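Participant: One-letter residues, chain by chain:
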Amino acid sequence: MESDLCTTREAAQRLGVSLRTVQLWVESGVLRAWKTAGGHRRILVTSVDEILEQRRVALSGAEEPTAAAPPFTLVVVEDEPDLLKLYRLQVASWKLPLRLVTATNGFEGLVRIGETQPQMLIADLNMPGMDGFRMIRSLRASADYKDMEIVVVTALGKAEIADRGGLPEDVKVMTKPVPFSELERLVRARLAA
Amino acid sequence: MTSSAKAEKPSRGNAEMLLAESRTRYKAIFETVVDGIITIDESGRIDAFNPAAERIFGYTPDEVIGRNVSMLMPEPDRSAHDGYLANYLQTGRAGVIGIGREVTGRRKDGSTFQMDLAVAEENIAGRRRFNGIVRDISAQHQARERLQRFSSEMQAIFTLSPDGFVALDERERVTYANPAFLALTGMAIGTLQGAGEDDLDRRLATLCEPEHELAPSVAMPDGASDVLHLARPRPAVLKRSVRRIQGEGGRNLGRVLYFRDITSEMELHRMKSEFLATAAHELRTPLASIIGFAELLMSQDYDAETRRDLLETIHRQSSNLAGLVNELLDLARIEARAGKDFNIRVQALLPIIDATVRHLMVPGDPRKVTLKLASSLPPAAVDADKLEQALLNVLANAYKYSPNGGAIELATLTRQGEGGPQVGIAVTDHGIGMTADVAARVGERFYRADHAGGIPGAGLGLSLVKEILDIHRGELQIETRPGEGATVTLWLPALPMPE
Chain L
45 MESDLCTTRE AAQRLGVSLR TVQLWVESGV LRAWKTAGGH RRILVTSVDE
95 ILEQRRVALS GAEEPTAAAP PFTLVVVEDE PDLLKLYRLQ VASWKLPLRL
145 VTATNGFEGL VRIGETQPQM LIADLNMPGM DGFRMIRSLR ASADYKDMEI
195 VVVTALGKAE IADRGGLPED VKVMTKPVPF SELERLVRAR LAA
Chain U
-8 MTSSAKAEKP SRGNAEMLLA ESRTRYKAIF ETVVDGIITI DESGRIDAFN
42 PAAERIFGYT PDEVIGRNVS MLMPEPDRSA HDGYLANYLQ TGRAGVIGIG
92 REVTGRRKDG STFQMDLAVA EENIAGRRRF NGIVRDISAQ HQARERLQRF
142 SSEMQAIFTL SPDGFVALDE RERVTYANPA FLALTGMAIG TLQGAGEDDL
192 DRRLATLCEP EHELAPSVAM PDGASDVLHL ARPRPAVLKR SVRRIQGEGG
242 RNLGRVLYFR DITSEMELHR MKSEFLATAA HELRTPLASI IGFAELLMSQ
292 DYDAETRRDL LETIHRQSSN LAGLVNELLD LARIEARAGK DFNIRVQALL
342 PIIDATVRHL MVPGDPRKVT LKLASSLPPA AVDADKLEQA LLNVLANAYK
392 YSPNGGAIEL ATLTRQGEGG PQVGIAVTDH GIGMTADVAA RVGERFYRAD
442 HAGGIPGAGL GLSLVKEILD IHRGELQIET RPGEGATVTL WLPALPMPE
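Protein chains in written order, with this note's numbering: chain L, 45 to 237; chain U, -8 to 490.
Among the hints, erroneous ones may be present.
[As the list claims (entries may be wrong)] Some chain U residues near chain L, calculated using beta-carbon distances under 10 Å:
no., residue
1, 9
2, 274
3, 282
4, 287
For the record, the hints were derived by calculation from the structure and aren't laboratory data. None of the values given here were measured: they were computed from a predicted structure. For every residue, glycine included, the Cβ atom is placed at its ideal position computed from N, Cα and C.
Construct the complete structure from the given sequences, taking the supplied hints into account.
Facilitator: If you want it as C-alpha cells, here you go:
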C-alpha cells in the first residue's frame, strides 16, 4: 500500500504550497496522514487528490484565473451564502487592489489560506464541519501564519465565545451585523502599511 | 495575751462559746444556702425547713413543721413514703439515704418538678433524724429535654434532607453521614463511620469524572465551597461546602461537609446559555444580510437586475426574521402564560382536522394531504386554534422534509396510553427522514434536523408543537429512519364517547 502514501515534500510539490502549509493541513485534519515508526509523516494520496479536485472545481467556477499575484489577499470564511454574497459585493465596492477568496467552512478555509497565503482572514465562528474556533487555533499554532491578521465576525457574544474555549488574544472580534466600514478601515490600514 | 491563754486552756465558758459559735455558723449556712434543707424524724415528721426549701416548695415553715414530709411529694411516692421509711428503719436497706437520686417534688400549688435529693442520717443520743438536701433541677431537666428534642429534630431533618451531610469530629473522623449523602455517593454508612477525612476524600475522588479532579476537602478553609462532577454511581454535579463547628471560646468541634445536588440547575443553565447563543446567531444572521444589502443599495449604483436580486435577498431574509420572531414570541407567550390563554373545551377532533387541512397552502407544492380518518373518534379537551397551529406546523414539516414528493398522509388513531385512552393524529411523509438521535432532539429550540441542507426554518416549529401538546397533557411521538420519511403523531387524552 506504499504507493497510496506520499511524503510531506511530495504533497507540497503536487499542491504547490509550502511544507509548513502541508504540516498545518495534516495537523488540522484537512489532509489525512499517518506517522511512520521513524516519526515521518506519510500522506494519503487520495486526500491530496481531493484538494486538487476541489481547486479545479473552484477555478472552473471562474473565481480568479490568477496570473500576477495581487498585493493583498483577503480570505473570508462564512457558511451563510447570502452573507458571502454580501462580502463579495461590499469588498468590490471598496475598489481596492485586493483579491478576495471565500470558503464556507473551516476545512475549506484552511485549504484556501494554505494556497493563497493571505494577509488577512475574516472568519465566522459558528460553521458546520470544522468551526471557526478550530480553524483559528490550527492557524495560530503554525508559525507560518503569525503575520496574517485574523478578524472574527460572529453572532456569538463574549460570554459564549469564552464558554467555547475562547480565541487567541491577537484575534479581533466583531459582532454581526457585519461592520463593513470597520473592516474597510482595517484593510486600508494594512494596505498603507 | 489573755485570749491566747484562754485558748490553751479551754474553760466551760469557752466551750459554750464555741458551741454557740458553731450554732451560729450552722444557722447562717442553714438560712443562706441555695439548696433546700429539710429535716425529718423517724416517723417522717418535718422539724426543720430552711428558706431555700421555702422558695423551692412555696410553703412557709409554719405550714410544714410537724407534718409528714410526704406532703412534699406527688403520688405514688406520697402514699408510699411512710412505707419506704419504715422499711429502711427495719432492714437498713436504703433507697435514697447516703446515695442521692433524682426524684419528683410537689410544690404548694400542686405543680411538680424534678429535684436532686441527698439524704444524710444523723444519730444523736439514740434519736435518728434525716437531713434531706434538695436542689431544684427542673431548669436543667428542661434544658436536657430541649436538647433531646432538638437533636431528634435535627436527626429527622438530616434524614429527610435531599442534600447530603457528613459530620467530622475534631480528629477529622466521620461521625455521621445522612441517607442523602449515602444515596448520592453510593457509600455505605458501615464503612464510612470512623473513616478519616483523607479516606473520605479518596473515596469521593474515585467517583469523580477524570477530567474534573477532586480537590481534597481537608485543604478547604472554613466556609469554602467547590463543585464535584461525579461519574458514579450516576452522573451528577454536586456543590460541596465546608463549615467548621466551634464550641465555646472557639474550641474546634470538627467540621460539617454539605453536598447539594445541582445537576438539574447546571443542565438548565447550559440549556439557557445554549438557547441564547443560538437565538443570537439566528437573529443576527438575517439582520446582517438585511442591513448589509440595504447599505449597498444606498451607496452603490447597480443595474436594475442586481438591484432586484439584492431586494429579493433582503425580502427573503426579512421574512425569515419575521417568521423567527413570531415563533419565538408564540413560544414565549405559551410558556409565560402556562396555558392561561388556552380556550380548552371538550370537542370533536374531526372538524378541527378538516379545517386545518383546508387552510393548508404550500406555495409551489401541488400535493394534497391524503386523509385516513376513523369514522368515529372520541372527543378530547382541546383549544381548537392551538391544536390547528400545532397540526399546521407538523404538516408544513412533512412538505418541507419531502422535497422530492411522495404522499403526505394524515391518519387518526386511538390507543391505551399510560395515563388512560389517547386519541392520535398522525402525519406521515416519505421524505428525507432522520436518525433516532436527531429525532430525540427535534423538540429543542433551534434544533435543525437539516442544518446545511438548504431547508429553511429556524428550528422552532416542533418546539411549539411540543409546548402546545404539553399544555393539553398530550405527547409528541416521532417514528422515522433516514431516507424513509417520518410519522409524527400528536397524542391527546381521549374522553369517553358521548352516548
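Participant: A separate judgement is required for each hint: does it hold in the structure or not?
Facilitator: Verification of the supplied hints:
For residue 9 (chain U), the interface hint is violated, the least distance from its beta-carbon to any beta-carbon of chain L being 94 Å, above 10 Å. With its C-beta approaching chain L no nearer than about 8 Å, residue 274 (chain U) sits inside the 10 Å limit, and its interface hint holds. Restraint check, residue 282 (chain U) versus chain L: the minimum CB separation of about 4 Å is within 10 Å; hint holds. The beta carbon of residue 287 (chain U) is positioned within 10 Å of a beta carbon in chain L (closest approach about 5 Å), and the interface hint is therefore held.
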